[in-house]
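Student: Chains as they are written, first to last, in this note's numbering: chain C, 12 to 325; chain F, 12 to 325; chain P, 12 to 325; chain B, 12 to 325.
Just so you know, these hints were derived from the structure itself, not from any lab.
Accuracy of the hints is not assured; some may be wrong.
Restricting the straight-line Cα-Cα distance to at most 25 Å, the calculated cross-link-like pairs of lysine-lysine (DSS-like) are [unchecked claim]:
#1 C:244 to B:244
#2 F:251 to B:41
#3 B:244 to F:244
#4 F:41 to F:251
#5 B:48 to B:61
#6 F:41 to B:251
#7 P:244 to C:36
#8 C:251 to P:41
#9 P:131 to P:61
#10 P:45 to P:131
#11 F:131 to F:45
4 protein chains.
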Amino acid sequence: MGVMRIGHISIKVMDMDAAVRHYEKVIGMKTTHKDAKGNVYLKCWDEWDKYSLVLTPSEQAGMNHVAYKVEKEADLDMLKQRIEAYGIKTEMLEAESLPFVGRMLQFALPSGHDMRLYAKKECVGTDVGSTNPDPWPDDLRGAGAHWLDHCLLMCELNPGKGINKVAENTRFFMEALDFFQTEQIVVGPGGVIQLASFLSHSSKPHDIAFVGGDRPGMHHLSFFLDSWHDILKAGDIMAKNKVRIDVSPTRHGITRGETIYFFDPSGNRNETFAGLGYQAQRDKPVITWTEDQAARGIFYHTGVLAETFTTVYT
Amino acid sequence: MGVMRIGHISIKVMDMDAAVRHYEKVIGMKTTHKDAKGNVYLKCWDEWDKYSLVLTPSEQAGMNHVAYKVEKEADLDMLKQRIEAYGIKTEMLEAESLPFVGRMLQFALPSGHDMRLYAKKECVGTDVGSTNPDPWPDDLRGAGAHWLDHCLLMCELNPGKGINKVAENTRFFMEALDFFQTEQIVVGPGGVIQLASFLSHSSKPHDIAFVGGDRPGMHHLSFFLDSWHDILKAGDIMAKNKVRIDVSPTRHGITRGETIYFFDPSGNRNETFAGLGYQAQRDKPVITWTEDQAARGIFYHTGVLAETFTTVYT
Amino acid sequence: MGVMRIGHISIKVMDMDAAVRHYEKVIGMKTTHKDAKGNVYLKCWDEWDKYSLVLTPSEQAGMNHVAYKVEKEADLDMLKQRIEAYGIKTEMLEAESLPFVGRMLQFALPSGHDMRLYAKKECVGTDVGSTNPDPWPDDLRGAGAHWLDHCLLMCELNPGKGINKVAENTRFFMEALDFFQTEQIVVGPGGVIQLASFLSHSSKPHDIAFVGGDRPGMHHLSFFLDSWHDILKAGDIMAKNKVRIDVSPTRHGITRGETIYFFDPSGNRNETFAGLGYQAQRDKPVITWTEDQAARGIFYHTGVLAETFTTVYT
Amino acid sequence: MGVMRIGHISIKVMDMDAAVRHYEKVIGMKTTHKDAKGNVYLKCWDEWDKYSLVLTPSEQAGMNHVAYKVEKEADLDMLKQRIEAYGIKTEMLEAESLPFVGRMLQFALPSGHDMRLYAKKECVGTDVGSTNPDPWPDDLRGAGAHWLDHCLLMCELNPGKGINKVAENTRFFMEALDFFQTEQIVVGPGGVIQLASFLSHSSKPHDIAFVGGDRPGMHHLSFFLDSWHDILKAGDIMAKNKVRIDVSPTRHGITRGETIYFFDPSGNRNETFAGLGYQAQRDKPVITWTEDQAARGIFYHTGVLAETFTTVYT
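Isolated chain C (complex conformation) (with noise of 0.2 Å):
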């Protein structure tokens, strides 16, 4: 009952070409449609519906939505009625306003972004089938990512106006949609900033993630691989396609998720992330990770943070 998972994110790219061929070549997905208006949707191989990525030519890079998938068609006005009684105007968008995807409830987080709930997209199965499946495709393209499995939005934060986004976010997401927390940063004397916040709705560590700055937007979006070996891997599919690496591979501390931070051609912000890293659960107590420990928590290796891992973002 309720969400389910990030369902599909629409980003702008300024170069349609280039980003299909990224998407395609370095991910690994697959261009499933393309509407009228120039719009290219695609799909991991491990995602058994229509797509999870949608990319609309733009003169800028950035999102435009997120969406995520909730269980049933009831689910959307049970969550209407929450979302509204929390104090949010939604509206309900009718089917087919996205192809392939159902009504879909939209609404703005206190953040500004735009959040979608949809509750059905068309089927089309994983590349491997549901007979008898093998563990992976014989076409496996790119770094061979499984799935998009999270977003980090950026997020208002300016104590010294008490304004925090990430803090508004957090509580719209336990209390209205019934996410659970499983990590923050806090910060600021006696840690009463949260700084960041790791939110998940499943058993993995996160399925959405905010971070405090200067103004929203997005941070990155993310694709799962199953281990440390396929990281290596996408590093090097990454360098023979001269993508532009942000962070090499290295272990967040936050999640224990090994990753690499890397650029689409428009300098959207993308990461491979992989492992399971633990089990989250609604009884797992909350992991703080403190100011002076901060950097650490994202990259725990050198336990440096580079300043525009923070400050560039779309």
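With chain C's structure known, arrange chains F, P and B on it following the hints.
Tutor: Structure of chains F, P and B alone, referenced to chain C:
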């Protein structure tokens, strides 16, 4: 709401010292409690509740009961109603009927196994804590298992007599406990006989599994490892400790899991299981393994199933 | 000066199309030449000489000959003298007796196997080239084997009759060809019988091995992979291609190598072997496996040796 | 005959306790000897000679000398002749001029570095022994480095003055010591300037390397690990021990090695290096990296070379 995960398994062992040595030195658990009756309680380093394994002295091997943790105390009352409405009698055991555990809802599965649900167990934290945690503890022991992941129960299957406790358990778990099925093996003409069933209540490929056999029993209890590399290390640890290995490292077709099967000194089968495999979701098409490919579903590499694998259990 | 490495192995196959498909699709080699007699020549992507495997059409499986490459043309003359001084007759085959190969020094090992030494074979370069090479080629196929690494020859061992061709071959390789022994299995009272011997002329744990049996033959030819992860991938590739697996992934005690044994369609045993293991050196103490631990030396995890592993060979 | 491998490196440290703690807890070595002058001698678990690292107390970091082991005592006399015939003066130090070591042939490389050759050092065996050895010892510590693998020496390069000690060292190692070149970086018009050179005397991609800089010095000493997974573990160990990391996990284009660079407490750069990479052989075409791809040769994933990587050394 409802079930979260396997909470503990209580098993019988014939030589307690040898059993404790096995679960500590090979699996890597720590003893957290011993009671007056000689029962020993252990946990893995990445678990936060007091114990996940109870060893009880006995004349023979096998499972006493398996217990799943639910989210809230009220869930026990709700599930009591649902289980009884389903037609299964339950008993609410009072708190501390097992040490450190709140009240437990006890009932017999259609297959005859003793199952428990509980909402409270003393939380002692993981070995890395919840403030600026390292990804793994300094004193990692043995295979370094993260957590008890799932169990596989053998259920009576006698098509001639119309008995299929695999199918009955599956229906019960789905209808009364809100599990969803991820995979199944079907055999017989038209694939009408459900020989094996894999069920999840999380985003992992299984939280419990049932396989048909001559009599009810416990096939194995399984411990989670992070990666295929940890499977190699686990095999090395078993060799150093002269553990009796049943199936050396390989991959399952079912769940895609990387695995070793082996026995504790009393003959209870253990598994070390690595990798998330895939993201289990309620809308993911159920995977079906047909009779001709069932062996490959179980042991993907060889496609060969030793008869003892399904006939030897406790 | 002297021997560098295994250069190629020539083996017999009964169904050439099936054999080529196997070595191309499963091992990942490329066909580089076919001759008028129907022989097929293949190389791995990381080898720079024209071929390392010769398949010859035949009524039965088995090895024709194994050839090692020496550093210089003059080494052939020097080694001819040493081998004949050792008491073994040799013949210098003229250049192009095998395509693309210079003159070859041919002789029979004490065990009866046909062995060749040569200094020249056409160099075609690796698949990644020698200018700014990628670490692996874009068109990696199958298990992506790097190179033919070594072979294991079965040698007659009949202690009752005083026959031990393992020991005889070992002495010959050390005294005449400057190999050094890295490991041995000794059996019998006082460990006086050398059952198996592993020899190197490089810094890898073995370049050739001998094991005692009823009759001379070829136990396996082995292909190098980089890591345990590549062993998993190789196992998956074998499953996809329905290859007959003899021993699924495990570790050798001897050489520490990570391994899978399997058969080509004619029944010639192959191995994929991963990891350097250790640095073999002439001053490293020789490792000895005693009779009671020999099975663990061969299959470290289980310590169990199926009888067929030493009785079934070509 | 001739050189076998790097035998030990003697380096200067400013805080001996901190240095020993680093090489023991992070690298995983064991102290095997301390002498009256306060020098400390250590070995890795997989090495059989008494030590491979000598730490000497000093006011500044850097290398005292590097020593390679030759096969036979007579090789020292033969090499003395060849080195002097090459035009380099040598001195034969008497046995025990370094503890547990036989006589040493000392000379200055063209680059000015102090180099030694020796044939004898007390053999103490690896930590797993040579009878039925486990693949790794039970008391593995820190990153569990197998052995000191190679060192990289900085050599004066000043094309304006016609000085290229990289090229001079390369020629000396090839002509006098029988090393062969595996890879090189060439820069300048027509690629006439050899900026870096990688040389082997084994089947590993390098046993020593030279890179051009302003002044002679030691760039790093490198320890061997088995696999990319061990690189992750090494990074985790460094994080736990707050080691200063220079370059977090990545792959070299050159040698294909998987790597982390970091500093010991005195500022001597260390490397943990994993994987065989490829089989180095005397007939393998030399790999050349051109100026435009040199950064990718060094750090394959990003293709970006921080200036400090080539300017900061001891």
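Student: Run every hint past the structure and note whether it holds.
Tutor: Going through the hints against the structure:
no. : hint           : result
1   : C:244 to B:244 : holds, 18 Å
2   : F:251 to B:41  : holds, 22 Å
3   : B:244 to F:244 : holds, 13 Å
4   : F:41 to F:251  : holds, 19 Å
5   : B:48 to B:61   : holds, 18 Å
6   : F:41 to B:251  : holds, 22 Å
7   : P:244 to C:36  : holds, 21 Å
8   : C:251 to P:41  : holds, 22 Å
9   : P:131 to P:61  : holds, 10 Å
10  : P:45 to P:131  : holds, 19 Å
11  : F:131 to F:45  : holds, 19 Å
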